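Participant: Please arrange chains B, C and D on chain A, whose structure you already have, making use of the hints.
Chains as they are written, first to last, in the numbering used here: chain A, 8 to 368; chain B, 8 to 368; chain C, 8 to 368; chain D, 8 to 368.
Keep in mind that the hints were calculated from the coordinates and are not lab data. Since this is a predicted model, take the numbers as computed values, not measurements. Any given hint could be a false lead.
One copy or two, it doesn't matter: identical chains are merged, so the pair holds either way.
Stated by the list, open to error - Within a straight-line C-alpha distance of at most 25 Å, the following computed DSS-like cross-link-like pairs (lysine-lysine) qualify:
id	residue 1	residue 2
1	K9	K112
2	K354	K319
3	K354	K9
4	K253	K219
5	K219	K354
6	K251	K219
7	K61	K112
Number of protein chains: 4
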Amino acid sequence: MKRIGILTSGGDCAGLNAVIRAITLRAIQGYGWEVYGIHQGTHGLMRRPVDASKLDLSFCTGSLFREGGTVLGTTNKGDPFAFPLPDGTLKDLSENVIEGYRLLKLDALVGIGGDGSQDILRRLAQQGGLNLVAIPKTIDDDLSHTEHSIGFMTAVDVATEALDRLQPTAASHDRVMILEVMGRDAGHIALVSGIAGGADIILIPEIPYQMKNIADKIQSLREAGRNFALMVVSEAVGTETGEKAKIMDLEGRSRYGGISHHIANRITELTGAETRFTVLGHVQRGGQPSAQDRVLASVFGTHAVDLIAQGKFDRMVAWQNRHVVDVSIQQAIAGYQAVDIHGSLVKTARGLGICLGDENF
Amino acid sequence: MKRIGILTSGGDCAGLNAVIRAITLRAIQGYGWEVYGIHQGTHGLMRRPVDASKLDLSFCTGSLFREGGTVLGTTNKGDPFAFPLPDGTLKDLSENVIEGYRLLKLDALVGIGGDGSQDILRRLAQQGGLNLVAIPKTIDDDLSHTEHSIGFMTAVDVATEALDRLQPTAASHDRVMILEVMGRDAGHIALVSGIAGGADIILIPEIPYQMKNIADKIQSLREAGRNFALMVVSEAVGTETGEKAKIMDLEGRSRYGGISHHIANRITELTGAETRFTVLGHVQRGGQPSAQDRVLASVFGTHAVDLIAQGKFDRMVAWQNRHVVDVSIQQAIAGYQAVDIHGSLVKTARGLGICLGDENF
Amino acid sequence: MKRIGILTSGGDCAGLNAVIRAITLRAIQGYGWEVYGIHQGTHGLMRRPVDASKLDLSFCTGSLFREGGTVLGTTNKGDPFAFPLPDGTLKDLSENVIEGYRLLKLDALVGIGGDGSQDILRRLAQQGGLNLVAIPKTIDDDLSHTEHSIGFMTAVDVATEALDRLQPTAASHDRVMILEVMGRDAGHIALVSGIAGGADIILIPEIPYQMKNIADKIQSLREAGRNFALMVVSEAVGTETGEKAKIMDLEGRSRYGGISHHIANRITELTGAETRFTVLGHVQRGGQPSAQDRVLASVFGTHAVDLIAQGKFDRMVAWQNRHVVDVSIQQAIAGYQAVDIHGSLVKTARGLGICLGDENF
Amino acid sequence: MKRIGILTSGGDCAGLNAVIRAITLRAIQGYGWEVYGIHQGTHGLMRRPVDASKLDLSFCTGSLFREGGTVLGTTNKGDPFAFPLPDGTLKDLSENVIEGYRLLKLDALVGIGGDGSQDILRRLAQQGGLNLVAIPKTIDDDLSHTEHSIGFMTAVDVATEALDRLQPTAASHDRVMILEVMGRDAGHIALVSGIAGGADIILIPEIPYQMKNIADKIQSLREAGRNFALMVVSEAVGTETGEKAKIMDLEGRSRYGGISHHIANRITELTGAETRFTVLGHVQRGGQPSAQDRVLASVFGTHAVDLIAQGKFDRMVAWQNRHVVDVSIQQAIAGYQAVDIHGSLVKTARGLGICLGDENF
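Here chain A stands alone, though its shape is the one from the complex (with noise of 0.2 Å):
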């Protein structure tokens, strides 16, 4: 009999309980196993004691499986290789961690997250013989070798139906209505949601754009007899001009808005339209997880256990065309993916008519 731990860790996403459960009925009912819940990531592993609680089946029966949120909890407050002590120093505290893991027995971890814990998780592993197994999940979907990674669906539909709420309000009022996503460097979730809610205008950091070709594509549809403008824009776009300091925090992203105000602004100037902006904020991330991500969900976490049992670690579950997949960690993480300027998705945007920003219309 094994035992064996589960993390979240990073900006949670819809899917996580979906995904705790699938790995605990699985390692429950199908090996025998113990699963231990570890809390806030990598802090519940640092603390002690060591700060975790064993997950029987009663877990799996309900309604939590198709809560937003993880009940293991998550943490952004720091990387264990340099963890940012009270006085403001940094400390390697990745022995502690290692130490967590041998001080609850485990047999095997299984770490749900992005790149970036991914990255720690793996070091950590190689560090320290942790037996690790990660599962994709992330609202910016860069991750590669996998279609999808969980929360991005469940984000997407947020923001879409943002976009079929802020429709009818734009046309009523004549106005351009923008509409500020998340995705950090990648603009998947604007372009997805831009394409399916039928945005006018996206914005995404992978496409360079001119405010010209905006006001342009806004007089042609004003041209044509529209009286209102949809647009998409994603957190890390910045000026124009490529002025971002004041407008980004330090992660690149829009700070309250400051990018879309900044474009409002900006059109009313060259087109005299009257503009109103959204920033959807955090509701991208704990909605309900959808039908898509909780099979997602289900999938990684079933198939991350069968790989334990099969003694293959340092492994990324994945889904690509129909089938669970299974990649090293590192060549996950190495290939980025942010919007393929070449792909399907682009082209399909670009051959609804809509304004990237870098076309003259």
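Facilitator: Then chains B, C and D, alone, in the frame of chain A:
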């Protein structure tokens, strides 16, 4: 055979198309009248030719009535009694509106609007002899003599859904999450969605708050083992010290989340809690009307036409205790209805232990 | 310090967990009492040991209150005054229930149920000196003296959503689509969702119908260019000729869609239209409570506890025109509230041109 | 300048209007072509004058693309190669359809349909020299060479939502709840929604079942302390003993829930459990397309037009691993794609401990 006009005025909300449909169905099928939809509120009556279109039954089939916004368009560009001209001066264009009514050969006008719009329409009616019936719509729900106005309940649904999504991410990250909602000078959306969404703290303009009480509430939640807090802030709430200028726009609403930003910073100062805020914005307006709003729209629309048939003018339709009634417009707009701070809902909020900012916890 | 019990009785509905939470919060935080959740209605009080568990504040955090169903379980296995034993005989077990109340050392009991449950609880209270406060819940909305009971508005939302989905497929295939909804002897769900969902025909038990009128309505829609029709049928509607035995279960509800099946066949005979029916079933009960139902649950739960604190028993809480009130239970259950066939909603339905089966179109 | 036609054929589903919009946008904006929407599938081409209307960009604005159904109408009245006449005889009307294509002066036709429709269109194209491009749509998702067809993912969302609502009422009443879903001969909807919705038992046509295994599963859940069970049944599942005639319609689908009714009764016989069933029905078809279905529709629609521009005919567009591709129609319809009983999803279901009817628990 009569000819009636319909116009929607002021900020859009969910249910306007449903009320336009109800009026059209009742007038054509019930009485054989002609119905004209006037575009962009009183603006349509100012323009020459008058900007309006005849509505027929084909308008009433299909999905339109369950869409948000208004197919007639609306306007908040100006009061016809003091209309802003391009040169910046104000001009009284009320006679033009009245002339538009006559040019359309209308026998009566159904005005769908909030208290500001109804006041303007009532004065136009008095001045020009227009036969006016009013239908209350406002997401702010601040019209008296009716249990609810069209649009309010859908706005509450949207705000509640946002709280449902913010709670799991707040709990996953040990955060205080603030949701800023609309409502102008009335805290109805904040209070009702806050109760429905399980908020711990609700700030409304009707109840002055102390930051210390909020900090104490968060502290008491912590002591009871809770790692997060959920808070709703109404857009017209000012700072504790009454400072409003920088964070409010001309109409007294929070400017780009200024008040939420301020409160978030103060909470972090006082409690050390990690805090995030989301400004819900225009998605509160444009969503599909809830079942309740569609029923209210149907009741109001059909009753308004019946009032015209009976020659009863200068009346606003209203809903009271499962019955449609009508009251004089003057009476309706005289009784501005903020949150009753001694009413059942405030009492319920206090009964649930929700901090309203004025009590020590 | 008091000890109070809570039980949920009769068919489940949305909002029960929200009311249990509100009672618990108010009793513990407001008064410092102990709260016991009794399992499976009066059954929990019959069992020895009494089947109940102490509720604390941890119950009140998180997502539970926005889940459907009831964590306490419910029962429709039998009336304690005539309880069906395994051998098929009926036995009066009312004294056992009363004894259970005493064994739990309760000072008061909050009974959440419909008219049947409240009648039983009231008789138990009279017989055994129980201190009872009642909270109205029923998707059928047939309790008088309150504008709505808990669960009704969510059931309406679910039924309306189904109509929204059936309309496009009806139109795509030139079909008559029938939706059969719950409601027992009262047509409230059918009438309200039918108005909200844009139904052309609504059949409710309160209004006898003629198939000929329905066929005429479909014919008149065709003549007006409409290729489809949308119809809502309440489960307790019988056949035109009064034949009910084969299509109804013991409680007078349509058996496996028998009535819809019958009406669909008759429509095809009379009009040649392709017809389909859907029986909405239990999804009307178990959904997440709408914002309105959660607010109603919060109001009712806190007020019920306040009544206990004031020593006011044998009362049912109720909602009237934006205020919580309370009425005697006997008074409440005496006034069964079917659809008022002269009321505002029936008038609205007729005003929209909806066929209610009794008028020639 | 080319003239192209669009038709939707077979059962309707979510996303058809989105694909019509995408084709129209791409053809008019990208190539300057004329687009004709043909009404009611091949029927529109049989009628004289041909029943079609010119589509322009005004069609592409607003909410239409996010509505369910198809504005063009569809038909399942008959195969043009053997069309049922009013007198009951079958007649080959294929030449009429081909003539309709010529009368409309079409350069190419985009046919949106499932495998049956595509087979008919392909044969018409071969016989008459039509330039055909096909777009796969079917809620059954049984077309090969594409990860998904339009409409499937929305149907899964609707079925999952129903399970989310049935679970709480099952738990509140200690019941086995059965949900019967569509899918014809393929169990895709049942399998995917069952995993997403947390089902305990899923029956699909691809896997023969034994009632004893189902009863054993329910028994094992009880022994583990679970008081309810959630079950999904695909409409084409027969009885354990192969008896199908009475409960299936001509196309092998469960007739009015016959199979669910049968299974519910057998479960009660074998386990004593109280059992209820719900037949989800047509709400699986008509709902608003999910974000994923709208994106797929946009990708398919624009790519289909690009294929016409390149003179590539007799191709079906498809989605594989984040890329749009195209395959020969013959190839596509040859590879009927039922559930892969050795694939990742079946393995996941078993990994979660879901009973598929063929294993002893």
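Participant: List in ascending order the numbers of the hints, as given earlier, that are violated by the structure.
Facilitator: none
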